[in-house]
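> Taken in sequence, the protein lines are chains A and B. At position 78 of the first sequence (counting the first as 1) the number is 78 in the numbering used here, and the numbers step up by one without a gap. At position 290 of the second sequence (counting the first as 1) the number is 290 in the numbering used here, and the numbers step up by one without a gap.
What the hints contain is simulated information worked out from the structure, not anything from laboratory work. Nothing here was measured: the structure is a model prediction, and the numbers come from that model. Worth double-checking, as some hints may not be accurate.
[Claimed, not checked] The calculated label-pair distances, taken between Cβ atoms and stated as ranges, are:
no. : chain 1 : residue 1 : chain 2 : residue 2 : range
1   : B       : Arg416    : A       : Leu93     : 33 to 39 Å
2   : A       : Asp32     : B       : Leu24     : 33 to 39 Å
3   : B       : Thr281    : A       : Ile96     : 53 to 59 Å
4   : B       : Ala189    : A       : Asp32     : 51 to 57 Å
5   : A       : Glu88     : B       : Arg106    : 39 to 45 Å
6   : A       : Asp14     : B       : Asp443    : 53 to 59 Å
7   : B       : Ala342    : A       : Gln105    : 44 to 50 Å
8   : A       : Ala118    : B       : Ala436    : 25 to 31 Å
9   : A       : Thr36     : B       : Gln77     : 54 to 60 Å
10  : A       : Thr36     : B       : Ser119    : 48 to 54 Å
11  : B       : Asp443    : A       : Gln105    : 37 to 43 Å
12  : B       : Ala342    : A       : Thr36     : 24 to 30 Å
13  : A       : Gln105    : B       : Arg106    : 45 to 51 Å
For every residue, glycine included, the Cβ atom is placed at its ideal position computed from N, Cα and C.
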Amino acid sequence: MSADHRPTDLDAADSLVAIARLLARASDMAWDQAATNPDPVLRFLGLGLDLATSQALELLPGSTDTGTDADEPAPVETDPLELLRAAEELTRLHPIEDSPPGTSQLIAAICDLLNEHAP
Amino acid sequence: MTGKDKRSVGELLLESDHIARAILMDVDEMDAAMMLRTWGEVVQAAGDLWQALPPVTPPQPLTGEHLPDSADLAIQQLAAMSEAMHRTGRGRAWPGDGPADERLLRIAESFARAADLISRHATPSPPLSEPEQRDLQAARTRIMHTLYVGSHGVGVAVGRRARELEMKMAARGALTTGDSLRQARAAHARLTAFEQHAGALISGTYPRELAGEHREPPAASRLAQALASWDVQAHRTLTDRVNTADLMLTARTQSLVLTACNTLARAAADFGQLDRQQYMTRLSPAVETSQERWETMARLWKDLTPPHSRRVETDLARAALETRAAVHELISDGTTIAHASAIAQGTDLSRIGRLTQQVLATNVDLAHATRDAATNPELTGAARAVHMLAIATRRHDPRDTQTIDDSPVVSWVTPRDLLSNRAVPLPDHVRSGLTASAGSLVDANMTAMSAAASLDHVSAQDSQTRQNGEPSARRGPPLQDRRLNTMSTGRPASRCER
Numbered sequence: 001m002s003a004d005h006r007p008t009d010l011d012a013a014d015s016l017v018a019i020a021r022l023l024a025r026a027s028d029m030a031w032d033q034a035a036t037n038p039d040p041v042l043r044f045l046g047l048g049l050d051l052a053t054s055q056a057l058e059l060l061p062g063s064t065d066t067g068t069d070a071d072e073p074a075p076v077e078t079d080p081l082e083l084l085r086a087a088e089e090l091t092r093l094h095p096i097e098d099s100p101p102g103t104s105q106l107i108a109a110i111c112d113l114l115n116e117h118a119p
Numbered sequence: 001m002t003g004k005d006k007r008s009v010g011e012l013l014l015e016s017d018h019i020a021r022a023i024l025m026d027v028d029e030m031d032a033a034m035m036l037r038t039w040g041e042v043v044q045a046a047g048d049l050w051q052a053l054p055p056v057t058p059p060q061p062l063t064g065e066h067l068p069d070s071a072d073l074a075i076q077q078l079a080a081m082s083e084a085m086h087r088t089g090r091g092r093a094w095p096g097d098g099p100a101d102e103r104l105l106r107i108a109e110s111f112a113r114a115a116d117l118i119s120r121h122a123t124p125s126p127p128l129s130e131p132e133q134r135d136l137q138a139a140r141t142r143i144m145h146t147l148y149v150g151s152h153g154v155g156v157a158v159g160r161r162a163r164e165l166e167m168k169m170a171a172r173g174a175l176t177t178g179d180s181l182r183q184a185r186a187a188h189a190r191l192t193a194f195e196q197h198a199g200a201l202i203s204g205t206y207p208r209e210l211a212g213e214h215r216e217p218p219a220a221s222r223l224a225q226a227l228a229s230w231d232v233q234a235h236r237t238l239t240d241r242v243n244t245a246d247l248m249l250t251a252r253t254q255s256l257v258l259t260a261c262n263t264l265a266r267a268a269a270d271f272g273q274l275d276r277q278q279y280m281t282r283l284s285p286a287v288e289t290s291q292e293r294w295e296t297m298a299r300l301w302k303d304l305t306p307p308h309s310r311r312v313e314t315d316l317a318r319a320a321l322e323t324r325a326a327v328h329e330l331i332s333d334g335t336t337i338a339h340a341s342a343i344a345q346g347t348d349l350s351r352i353g354r355l356t357q358q359v360l361a362t363n364v365d366l367a368h369a370t371r372d373a374a375t376n377p378e379l380t381g382a383a384r385a386v387h388m389l390a391i392a393t394r395r396h397d398p399r400d401t402q403t404i405d406d407s408p409v410v411s412w413v414t415p416r417d418l419l420s421n422r423a424v425p426l427p428d429h430v431r432s433g434l435t436a437s438a439g440s441l442v443d444a445n446m447t448a449m450s451a452a453a454s455l456d457h458v459s460a461q462d463s464q465t466r467q468n469g470e471p472s473a474r475r476g477p478p479l480q481d482r483r484l485n486t487m488s489t490g491r492p493a494s495r496c497e498r
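Extracted from the complex, chain B is given alone in its bound form (with noise of 0.2 Å):
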């Protein structure tokens, strides 16, 4: 990370977790070596993150240190498992040295980021409060839950890799040079170990623990309250059950949310309430992409839900429909989109920047939860949409080298299927393109987030300049000081604050 990171520790950690998620999801595609060699730096940036926590334990009497409890013992373990599995593998033939892995490096630095942050800003043991407890507990469940799921994909990755190795070794005899089949056995072994150790000990605590995680209120407005209810209603539709129509829905309300924010981030950044700069060359852009990602999803799902289909669930149905009025009610202006000094009027422009942050966390969520679907064995699709984009993916495979003919009978579906359009199970490679579809979207919304996250809260004495027409000089603590002061709960900087 650069100094110019201005995520916070709650943000940092978030991202850790959602990485190790992502992972898991595409551990197939994942270099088995690189999640090895650099799994270790993982586990060493978590174990340096959570001595830079605050103690959990009272101090002694006497001595007025801490002693460990048994999460901090358990962390230790770990950590040891882990340095004894890259000293036993240091030097040999696997995974042997090469590049690293980029997504797990990622969640080295921000482990590491964050660690600094806490140690930055520090103040000499104060006593905690309850709500801040209660998130230090949460900080230490997420970083936790970020090693379990990590070690479980790291796992996975191995152990396919001593499949293939066994299965060559089965059918020639010998491995190729650079390869070892008894270091793969026995570092997914030693990964499968430290899975259990981590997974007991989150299974007490996770999520429960969780919900102390400080969080900052929502803007005390009716599209923050709308926003979240819809984030929580996707949710939970998307997990029930896996349906075109609601997908449909889900991606074109959020290409409206998306284009709703960047239109209200537009007006807070004319209105000096953020920076312009980084609005432009940025947040824009990035939020841009972002929505044009949601509405070709949005464009395949349409295409694959049958036309008697369309009918949505009923609860996502009454959440959209309350988006689209909070959001048309502060940005429309009659039939046309409201001027930004009308805008202006109707919100207050200062709480802009971190609800567009709130909003583009949420949508890296949603992305997650529409590639999931995606992966659904169950998912199905209108018979002729399937037709189509089997033929169109297979033409656009370069592996396929069989010439496709295009007529029905030997196609994918059937021709009753094609002729009355039901809803059909989809081939593995049509899958394959929403799931690729699905992943490019992810990717997209992760930009878009990290481009929120870096976003410059303007002050309302640099505001109040601009307004006036005078060149603008930042004023006061530097924005990361000034963030972690926001997310406090009023008293003196803690050691937790996230």
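Extracted from the complex, chain A is given alone in its bound form (with noise of 0.2 Å):
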């Protein structure tokens, strides 16, 4: 999880802000599900979706601003797993080689939850 923090394409940096976002709001809508579900499923979606923000902000630089909940609305979708999908996707909008090292690991964990979950 470690990383250096070398400079990265900017449009890199950006979806990993956006990743980032929907990561953290795909976990606080599966433990806010579990608060009413005593499925333990969703605690684990829910406890590998905070790994996967935790990792995917190692990347960016520590002056990097991802913004606040209130700088733009909240997604409206309600399923952890489509923003989950969401993040995934946003993944191969670039090369690899655009992206800080560590971002294969970020999304070798992305994958495996989507694998966990959502087969």
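Hints are included, so try docking the two chains, each in its own frame, into the full complex.
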């Protein structure tokens, strides 16, 4: 999960910011649903998303502003898996060499989560 | 304690130490008179327990008697100091007669129970093995540490009471009946002396001597290893830095661990490896409550974490990742939770009871660490969440009769902070609310730990009988005896088995 923070392509960095936001939002949804649903699966998903969010944020330079909840409207999507899929699609926008070192591990983590919960 | 208490000597000592620490944290809310009334019982019970432990000095050549060492003499001094203090206070206006402090009473009961266990299972002075000697030293250190921390807690409460009385006296020139400034000051001075004496005794042994404390070897599985690593890392991270993102991940990981624990325990109960009745009526509800409290805390931490600050400490994330993976491997089957029979194929269910006890014991410690973090003045929170919590806390505070305007102009957070949602310091009443939630978490986890302590492990023979569908009758020695034996080193029962 460690990464050196070399300057990265702006678009790729923007994508990482969006991916982190989607993952964080998906995690909060999963945990919100877990509050009324004892199914352990939701907790597996929620914790996996938390760890992936942190992994994505770790790839960004410290000064990167990932925005706030009020900066843009919350996604209308209410299914955390759909948000996870959207995050996975964003990872395909740029060649891997445009992304900071460590991005491949993040992509692997996102794909593992999808495989665990929506094969 | 009732006759159904199944905890070992080591567990009783550990719980006593935990309670003493908990008292220290809540000492502002405690009644000094109640604490002072009960403290004598704690010291007396500690002295009795100390006497029940095997001697550490070799027998004298001719008489076979064991001379006391310096720590033996010290505990006698402490007992004498406490006895003198209570003798002096007897019949005085303050603290007078009245109710006892429940938590101190629990410490005294645990000490008494431990002494009883040792006395009943003692064998006539066997030579102790090296591990047993180290375990014995650890037990003595644990007792002394409990007295040290406990005396500090009582001393703080009594000192605070003395200051209140001084202020009353200065304002009114007299005190109400039942109060005595002189008694409060005298008790405070004596407690300070007690604390200093106990502190000097453990300064050279704590926590070094605890390294020899007997511990059950962890289950040789990925899960047990992952949980142990998680526990160590979570403590390390929460001690090193105070960060709501780390606290949120810790709370959510604990929630998952407890879910897994409950699932595994249910499978063990289904397969006759745990007493099903105890699991259904005590353990499962307690674990569920504990899990709910962790999730409540996680929601609070989530709200208080600025969206751009959700990055968690790398080592903590790594430990959580491995814990999640180990749990997932054990209880998941594709995209669903595995059936009990599938879980049984992947793990030795006879070890689940012990694993559950370990998980719930460390759970309590992490809850304490969470409460410590909540009281840390360096803790900050996202401006908008702090603002909302500040308003909500004030609205629900019956002592606050002021109408609070929701406008940010009169809020505890500046409009600029609200706009950027940056991290801001917590107002006192928001921190109090957080501390109360964390306290509730600690209480729920203590209950779960107690429920696990009484888990009835079913013998292999019983388990086989149940599997065959026949009614089960308990065989073999009582559980308490079996537990003591399983924790021994294979030698005949020793007096210091923990």
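> Determine for every hint whether it applies to the structure shown.
Against the structure, the hints:
1. B/Arg416 - A/Leu93: 33 to 39 Å: Holds, at about 35 Å.
2. A/Asp32 - B/Leu24: 33 to 39 Å: holds (36 Å)
3. B/Thr281 - A/Ile96: 53 to 59 Å: holds (55 Å)
4. B/Ala189 - A/Asp32: 51 to 57 Å: holds (55 Å)
5. A/Glu88 - B/Arg106: 39 to 45 Å: violated (52 Å)
6. A/Asp14 - B/Asp443: 53 to 59 Å: violated (46 Å)
7. B/Ala342 - A/Gln105: 44 to 50 Å: violated (30 Å)
8. A/Ala118 - B/Ala436: 25 to 31 Å: For A/Ala118 and B/Ala436 the Cβ distance comes to about 39 Å; the hint is violated.
9. A/Thr36 - B/Gln77: 54 to 60 Å: Holds, since A/Thr36 and B/Gln77 (Cβ atoms, about 58 Å apart) stay within the stated range.
10. A/Thr36 - B/Ser119: 48 to 54 Å: holds (51 Å)
11. B/Asp443 - A/Gln105: 37 to 43 Å: Given about 40 Å between the Cβ atoms, the range holds.
12. B/Ala342 - A/Thr36: 24 to 30 Å: holds (27 Å)
13. A/Gln105 - B/Arg106: 45 to 51 Å: Holds: the Cβ-Cβ distance is about 48 Å, inside 45 to 51 Å.
The structure fails to meet hints 5, 6, 7 and 8 from the earlier list, while all remaining hints are met.
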